[in-house]
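Protein chains in written order, with this note's numbering: chain A, 1 to 146; chain B, 1 to 146; chain C, 1 to 146.
It should be emphasised that the hints constitute simulated quantities derived from the structure, not laboratory data.
Beta carbons are placed, not taken as given, at the ideal position from N, Cα and C, and that holds for glycine.
Take these hints with a grain of salt, some might be off.
[As the list claims (entries may be wrong)] Here chain A is said to cover these stretches of chain C; the calculated rule only asks that three of the stretch's residues, wherever they fall, bring their Cβ under 8 Å from a Cβ of chain A: (1) 76-83; (2) 112-120; (3) 124-137.
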Amino acid sequence: MLLNTVFSCFVFYSVLLVLKMYIIAIITGQMRLRKKAFANPEDSLRHGGLDHFRKDPDVERCRRAHRNDMENILPFLFLGAVYSLISPSLSVARCHFLVFFVSRLVHSMAYLCALPAPTRSLAYVVAQVPCVSMAVQVLMVVASYA
Amino acid sequence: MLLNTVFSCFVFYSVLLVLKMYIIAIITGQMRLRKKAFANPEDSLRHGGLDHFRKDPDVERCRRAHRNDMENILPFLFLGAVYSLISPSLSVARCHFLVFFVSRLVHSMAYLCALPAPTRSLAYVVAQVPCVSMAVQVLMVVASYA
Amino acid sequence: MLLNTVFSCFVFYSVLLVLKMYIIAIITGQMRLRKKAFANPEDSLRHGGLDHFRKDPDVERCRRAHRNDMENILPFLFLGAVYSLISPSLSVARCHFLVFFVSRLVHSMAYLCALPAPTRSLAYVVAQVPCVSMAVQVLMVVASYA
Numbered sequence: 001m002l003l004n005t006v007f008s009c010f011v012f013y014s015v016l017l018v019l020k021m022y023i024i025a026i027i028t029g030q031m032r033l034r035k036k037a038f039a040n041p042e043d044s045l046r047h048g049g050l051d052h053f054r055k056d057p058d059v060e061r062c063r064r065a066h067r068n069d070m071e072n073i074l075p076f077l078f079l080g081a082v083y084s085l086i087s088p089s090l091s092v093a094r095c096h097f098l099v100f101f102v103s104r105l106v107h108s109m110a111y112l113c114a115l116p117a118p119t120r121s122l123a124y125v126v127a128q129v130p131c132v133s134m135a136v137q138v139l140m141v142v143a144s145y146a
Numbered sequence: 001m002l003l004n005t006v007f008s009c010f011v012f013y014s015v016l017l018v019l020k021m022y023i024i025a026i027i028t029g030q031m032r033l034r035k036k037a038f039a040n041p042e043d044s045l046r047h048g049g050l051d052h053f054r055k056d057p058d059v060e061r062c063r064r065a066h067r068n069d070m071e072n073i074l075p076f077l078f079l080g081a082v083y084s085l086i087s088p089s090l091s092v093a094r095c096h097f098l099v100f101f102v103s104r105l106v107h108s109m110a111y112l113c114a115l116p117a118p119t120r121s122l123a124y125v126v127a128q129v130p131c132v133s134m135a136v137q138v139l140m141v142v143a144s145y146a
Numbered sequence: 001m002l003l004n005t006v007f008s009c010f011v012f013y014s015v016l017l018v019l020k021m022y023i024i025a026i027i028t029g030q031m032r033l034r035k036k037a038f039a040n041p042e043d044s045l046r047h048g049g050l051d052h053f054r055k056d057p058d059v060e061r062c063r064r065a066h067r068n069d070m071e072n073i074l075p076f077l078f079l080g081a082v083y084s085l086i087s088p089s090l091s092v093a094r095c096h097f098l099v100f101f102v103s104r105l106v107h108s109m110a111y112l113c114a115l116p117a118p119t120r121s122l123a124y125v126v127a128q129v130p131c132v133s134m135a136v137q138v139l140m141v142v143a144s145y146a
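The task is simple: from the sequences and hints, build the whole structure.
Next up, the structure:
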């Protein structure tokens, strides 16, 4: 399967996006420590007392960025894999993966840095274009098996 | 792999469910605009001012529907794929996929339209039946490799 | 593909982790019923009235455990699958899967039982080690296809 160059190309960008999600998790944890805002009483007890069992706007921002990644990157891991199996041309496929990859990078930066609207929303919409394109192409191939 | 008819049947319903998740995301965004309730200060500034950086019950309902989809549809994308690899009969497999697909459609409609309980919970439970069935069947095949 | 013993080993632990996630969903539901704290007005109406449409700290704890599973187990379902395709040795691969599996079990127990910090965080970090290791190994194989 890794002899399939389209699939390998997909795996490359996908693994980078998974690592990007891990980085957002790390940033969230660092923000919790810096702002002293913990999601659990047991964590706040370890870091100065129950006062720190509270919400913080910067931590919530990281969590929204992470959740948006789950809503979009995780379905991409599926769509990109099945799209790779319908033998698209490598250049067209790479274009799909690259647009998604770059848009999601921009989305994360726009979210974490609170860039003025509509930067983040635009990045979100652009990233959806290759996803819907892959979904439609896959459906056309497998529709007869429904 | 797409010559495997069970896998192709699985891919068909899975891609439709991913598109269904995208539609819930779009509905959430439209609801935010209509109710003027934004998750980020930068979004609310663009749409009339910081007053609109607030929660709204209808937006939260959309978000709960979306989260429940992530909790259930995303694991199905994995379970259905590995189940397709253990060579089940096509009719039995299609039955698993169809029950899950229809139940999750009903679940989303019951959530977004706030249908009286226990419609939504019933749809959730019915959708879990094929998932647990697939999980058990896969485990029996691969248990010796643990 | 299931003739690939590494992949079958991966599938075994992955399916168990998916079932573990389902169990957290069931615990959340039971906690909602026991604490009479429902996420939707239509559910609370069925269980004694709108007073029960409220948040509860024990229910929120279950939901945080579930969300953390989505953030970590769902990407593992992808990483482990592609890692299985790069032909790692069975013993090394099994070690990756087992460390992740046991750590995530500990993580869930530490979360639901509110064990003193840093038990849960430690389990989280240990589970990330095989994930990052698999990600790096996969990247090295497919980097030339970018």
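Hint check:
1. Taking a C-beta to C-beta cut-off of 8 Å, the segment 76-83 of chain C contributes 3 residues in contact with chain A, enough for the three needed, and the coverage statement holds.
2. Using a Cβ-Cβ cut-off of 8 Å, 6 residues of the segment 112-120 of chain C lie near chain A, which meets the minimum of three, so the contact claim holds.
3. Residues of the segment 124-137 of chain C lying with their CB closer than 8 Å to a CB of chain A number 4, which satisfies the three-residue condition for coverage.
Taken one by one, the earlier hints all hold for this structure without exception.
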